[in-house]
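Undergrad: Residue strings, one per chain:
2 protein chains.
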Amino acid sequence: MTSKRPGAQAGLRRHNMSLVMRALAAGEKVTRAAVAAEVGLTRATVSTLVDELLAAGLIEERGAQRPGTVGRPGTALALSETGPAGIGAEISVDHLAACVVDLRGAVRCRAESPAANRGRPAPQVLAELAELTELVAKEARAADLRPVGTTVAVPGLVGRDRGTVLRAPNLGWEDVNVAEALGRETVVENEANLGALAELWLGGHESGHGKLADFVHVSAEIGIGAALVVEGRLFRGARGFAGELGHVPVRPDGPLCSCGAHGCLETYAGEEALLRAAGVTAGPALRTAAEAGDEAALRALEEAGAALGIALSGAVNLLDPQAVVVGGPLADLAPWLLPGVRKELAARVTDRQWRPEDLVTSRLGRDGVLRGAAYTAVRAVLDDPTQWIAR
Amino acid sequence: MTSKRPGAQAGLRRHNMSLVMRALAAGEKVTRAAVAAEVGLTRATVSTLVDELLAAGLIEERGAQRPGTVGRPGTALALSETGPAGIGAEISVDHLAACVVDLRGAVRCRAESPAANRGRPAPQVLAELAELTELVAKEARAADLRPVGTTVAVPGLVGRDRGTVLRAPNLGWEDVNVAEALGRETVVENEANLGALAELWLGGHESGHGKLADFVHVSAEIGIGAALVVEGRLFRGARGFAGELGHVPVRPDGPLCSCGAHGCLETYAGEEALLRAAGVTAGPALRTAAEAGDEAALRALEEAGAALGIALSGAVNLLDPQAVVVGGPLADLAPWLLPGVRKELAARVTDRQWRPEDLVTSRLGRDGVLRGAAYTAVRAVLDDPTQWIAR
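Respectively, the protein sequence lines represent chains E and R.
Residue 2 is where the first sequence starts when you use this note's numbering, and the numbers rise one by one after that.
Residue 2 is where the second sequence starts when you use this note's numbering, and the numbers rise one by one after that.
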């Protein structure tokens with residue numbers, strides 16, 4: 002039987018090589034034998050692939066491993082600290098940032114500058130961002146790293162071309178071509194999506210069955226951002242709008258939201274609502290007030306937590322995720338916010354097993370989005386190492 | 002390079018054969034050339050596959066097609082009206098039903114009996130159901146059909162083995178092994194899931210980009226059932242509990258729900274709440290009252306519609322489906338229920354394109370679940386025709 006499947010063999014090689022790279026990304030100092038056992042290929046196949054990856058400088062040997070075990074000790078393998086790297090950049094209303102991560106996901110260079118980006122001309126913002134990314138790229142090249150792609154995180158809606166910001170209300174942007182301004186190998190992605198991907202790739206959370214692969218990730222800066230990861234992939238929805246937790250109705254007759262509807266989660270737990278209720282003007286002040294036991298701040302956080310819990314209960318009832326992860330700036334407020342979230346989830350997710358520990362706080366902190374952006378290009382190398390070898 | 006992938010060639014044959022079968026399932030009287038063009042295989046490959054499928058009796062020729070076009074007219078192909086068939090069975094609180102569908106999805110035999118199943122011993126219910134399925138199977142065999150599998154729809158939670166009902170509160174069932182009672186080739190599935198799959202497979206709805214493949218399907222009998230279809234597959238969630246729209250909070254301080262939470266959708270739009278608000282005792286009476294313009298009935302339906310719309314707005318904001326499909330018994334009430342749903346969706350899905358026509362009513366009527374159950378076995382034949390050929 003004939004079939005139009007040219008390159009099936011090349012596809013297989015790519016697939017197997019990616020399996021090996023990802024096994025090394027997940028494990029620490031693993032041997033050829035361990036990789037073979039994990040990915041289900043023969044040792045001979047793995048050895049061939051490993052030799053190619055060593056020659057390409059994508060992985061390196063780290064000396065004998067497990068000397069205590071029976072038989073010839075295997076040589077430990079690890080992803081390289083040099084070679085392909087990813088650049089991440091972030092545009093938020095009050096700052097710009099850029100960083101470089103290596104194949105292992107470690108942040109190797111980082112630069113940041115405060116900037117009042119709301120309403121500023123986009124070309125100006127992008128020129129400054131280009132300077133920052135060039136700065137970290139230069140530093141990376143000096144450390145023998147080769148940046149292979151840049152991902153820019155934006156608080157807005159990104160076009161299907163992954164190069165244009167269609168709409169970023171908090172920046173005042175419409176139809177801004179970021180890829181053109183920053184160069185061909187640049188892609189743009191919504192910050193909430195990158196926060197969720199960072200959690201998937203680098204978060205280090207486990208579920209009962211291995212790595213956490215089905216979760217709702219919630220973060221917030223001005224708005225409430227959420228993103229869904231399903232079976233280890235970002236869930237974008239039919240038109241790319243999935244994850245709008247901020248506009249899930251909490252109280253149908255509640256306050257008017259900027260979107261035109263009433264009682265959306267954002268009117269209770271968005272930054273503006275939260276700061277107003279707490280009587281402070283900025284996020285750090287809210288945290289300080291909460292730490293000092295300020296009553297208005299504590300009440301505001303408790304109520305925002307309850308609203309978040311109500312909206313998340315709906316999401317959990319619909320999606321049945323393994324976990325809900327709270328990340329980004331919200332994670333800083335976890336001690337005061339999460340009790341309310343937890344209480345509502347316990348009261349409203351009644352039809353299935355839901356344990357308090359299924360609500361977790363991200364360990365990535367405020368840098369989650371930026372690291373997720375940077376790791377995007379690295380992930381592309383792990384998914385298809387052959388492309389890198391062919392260069 | 003070697004690899005542990007025995008049977009890659011067999012897999013390819015299975016895949017290609019399935020492509021051909023599914024092209025025939027989707028189209029009407031298509032030729033070999035049309036199939037080749039549609040599925041992206043060469044004409045020679047398609048001809049070989051078609052010959053095998055003809056020999057196995059899975060498809061049949063229907064005479065020359067498109068005589069008006071240039072060149073030799075192709076012979077029209079169609080799925081057989083005989084051969085493999087699927088049995089569907091349904092257990093609800095007030096009736097049992099069974100049917101047989103052929104490869105084309107047409108219902109060929111159907112049997113039904115009213116039965117007060119709530120609280121009845123499960124073995125008694127299953128014995129009656131076995132009689133019904135045997136009745137339709139016998140009729141099917143007389144029509145030259147060969148039933149290859151039975152799927153039983155239940156209003157409850159099904160175990161991972163797909164043979165056991167873990168919990169069906171409205172029947173009073175816990176841990177009932179249905180597969181054992183009905184025979185080896187029987188699987189059990191939640192009715193809401195089957196309603197959604199029926200819509201996917203047989204609903205005939207189109208989206209802007211071909212067949213509708215991403216949607217939320219809502220149905221209701223006693224509770225509110227919903228199921229999510231994503232990229233043409235049932236979305237089950239991490240633990241199989243996805244789609245619990247009935248327990249999405251609509252008003253956090255609303256009436257106490259049977260689940261223990263307050264203000265769940267079911268407390269507004271579940272059958273019990275709806276009948277109580279309308280002042281009637283059964284579904285058909287509600288429809289009659291609404292048709293007669295009874296004020297209490299109309300108000301009850303309007304309010305239930307609004308509650309459904311609020312919960313669905315949350316679902317749409319989270320999931321970004323192409324459409325929301327209302328099916329099952331709810332579809333009978335569409336004229337009175339949907340205006341409220343539509344209004345809330347318009348008011349609350351504000352951040353993306355949402356058109357009134359993205360809310361649709363199923364054309365499958367009350368038989369959607371039963372047809373989905375029956376078509377499950379047929380779908381398995383379409384997905385792997387080689388298994389059938391090997392028999």
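No wet-lab data here; the hints were simulated from the structure.
Backbone N, C-alpha and C define an ideal beta-carbon position, used for all residues, glycine too.
Keep in mind that a hint or two might mislead.
Pairs of lysine to aspartate or glutamate, EDC-like flavour, derived with a Cα cap of 20 Å [claimed, not checked]: (1) E:Lys139 with E:Glu207; (2) R:Lys344 with E:Glu39; (3) E:Lys344 with R:Asp333; (4) R:Lys139 with R:Asp176; (5) R:Lys344 with R:Asp359; (6) E:Lys212 with E:Asp333.
Here's a subset of chain E near chain R, in silico, CB distances under 7 Å, partners left out [said to hold, decoys possible]: (7) Ser48; (8) Glu181; (9) Ala182; (10) Arg185; (11) Trp202; (12) His206; (13) Ala239; (14) Ala347; (15) Arg349; (16) Arg356; (17) Pro357.
Simulated coverage check for chain R against chain E, where a stretch passes if three residues somewhere in it have a Cβ under 8 Å from a Cβ of chain E [what the hints assert, rightly or not]: (18) 133–139; (19) 176–187; (20) 234–244; (21) 360–371.
Undergrad: State for each hint whether it applies.
TA: Results of checking the hints against the structure:
For the proposed pair E:Lys139 and E:Glu207, the alpha carbon gap of about 36 Å is over 20 Å, so the pair is violated. Proposed proximity of R:Lys344 and E:Glu39 is contradicted: the alpha carbons are some 53 Å apart, above 20 Å. Between E:Lys344 and R:Asp333 the alpha-carbon distance is near 38 Å, which puts this suggested pair outside the 20 Å criterion. For the given pair, R:Lys139 sits about 30 Å from R:Asp176 by alpha-carbon distance, which is inconsistent with the 20 Å threshold.
A distance of roughly 13 Å separates the Cα atoms of R:Lys344 and R:Asp359; the hinted pair therefore holds under the 20 Å criterion. At most 20 Å may separate the alpha-carbon atoms for a hinted pair to count; E:Lys212 and E:Asp333 exceed this at roughly 24 Å. The criterion of a C-beta within 7 Å of any C-beta in chain R is not met by E:Ser48, whose closest approach is roughly 11 Å, and the hint is violated. The interface hint given for E:Glu181 is broken, as the beta carbon of that residue sits about 25 Å from the closest beta carbon of chain R, more than 7 Å.
Interface restraint check for E:Ala182: the shortest CB-CB distance to chain R comes to about 26 Å, outside 7 Å, so the restraint is violated. Given the 7 Å rule on beta carbons, the hint for E:Arg185 is violated: about 29 Å separates it from the nearest Cβ of chain R. At about 18 Å, the closest approach between the beta carbon of E:Trp202 and any beta carbon in chain R exceeds 7 Å, and the interface hint on this residue is violated. Taking 7 Å as the C-beta cut-off, the interface hint given for E:His206 is violated, the closest approach to chain R being about 13 Å.
The restraint placing E:Ala239 at the interface with chain R holds, with a minimum CB-CB distance near 4 Å, inside the 7 Å limit. Hint on E:Ala347 is violated. Least Cβ distance to chain R is approximately 10 Å, over the 7 Å limit. A cut of 7 Å between beta carbons decides the hint on E:Arg349: the least distance to chain R is about 5 Å, and the hint holds. Using the Cβ-Cβ criterion of 7 Å, the hint placing E:Arg356 at the interface with chain R is not satisfied: the shortest such distance is roughly 12 Å.
About 16 Å separates the beta-carbon of E:Pro357 from the nearest beta-carbon of chain R, more than 7 Å, and the hint is not met. With 0 residues bearing a CB less than 8 Å from a CB of chain E, the segment 133–139 of chain R misses the requirement of three and the coverage assertion fails. For the segment 176–187 of chain R, the stated coverage by chain E is not satisfied: 0 residues place a CB nearer than 8 Å to a CB of that chain, which falls below the threshold of 3. Interface restraint, the segment 234–244 of chain R with chain E: holds (9 residues with C-beta to C-beta distance below 8 Å; minimum three).
Beta-carbon proximity to chain E at under 8 Å applies to 0 residues in the segment 360–371 of chain R; the threshold of 3 is not reached and the given coverage is violated.
Violated hints, in rising order: 1, 2, 3, 4, 6, 7, 8, 9, 10, 11, 12, 14, 16, 17, 18, 19 and 21; the structure is consistent with all others.
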